[in-house]
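S.K.: Work out the full structure, taking the sequences as your base and the hints as a guide.
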Amino acid sequence: MDAELLAKQAEAARKRQEDIASGRVPMNGRELFLHEPWVFDDTHH
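Per my numbering, the very first residue in the sequence shown carries number 1; after that it's consecutive.
Treat the hints as calculated values from the structure; they're not laboratory data. Treat the numbers as computed from the prediction; the structure is a model and nothing was measured. One thing to keep in mind: the hints can contain errors.
Below 25 Å or equal to it, Euclidean Cα-Cα: the simulated SDA-like pairs (lysine to any residue) are [said to hold, decoys possible]:
1) Lys8 to Phe40
2) Lys8 to Arg24
3) Lys15 to Leu32
Computed Cβ-Cβ distance ranges for the label pairs, DEER-style [as the list claims (entries may be wrong)]:
4) Trp38 to Asp2: 30 to 40 Å
5) Thr43 to Leu5: 36 to 46 Å
6) Asp2 to Asp42: 23 to 33 Å
7) Lys15 to Asp41: 26 to 36 Å
8) Asp41 to Ala3: 35 to 45 Å
9) Lys15 to Glu36: 14 to 24 Å
10) Val25 to Asp2: 18 to 28 Å
11) Leu32 to Gln9: 13 to 23 Å
Just so it is clear, CB atoms sit at the ideal spot from N, CA and C, and this is done for glycine as well.
M.R.: Okay, here's the thing in structure tokens:
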């Protein structure tokens with residue numbers, strides 16, 4: 001793997017996390033499942 005590519009990917013991921021945390025960007029389904037699994041848990045309904 002190219003170190004520069006890895007650094008760019010890490011930076012993009014960090015920026016996305018900041019955007020999500022500040023509410024600028026909604027989480028996608030996979031991120032939502034990782035961060036808020038109860039959304040997908042039907043046992044509460």
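S.K.: Of the numbered hints stated earlier in the document, which are not met by this structure?
M.R.: Hints 1, 6 are the ones this structure does not satisfy, whereas the remaining hints hold.
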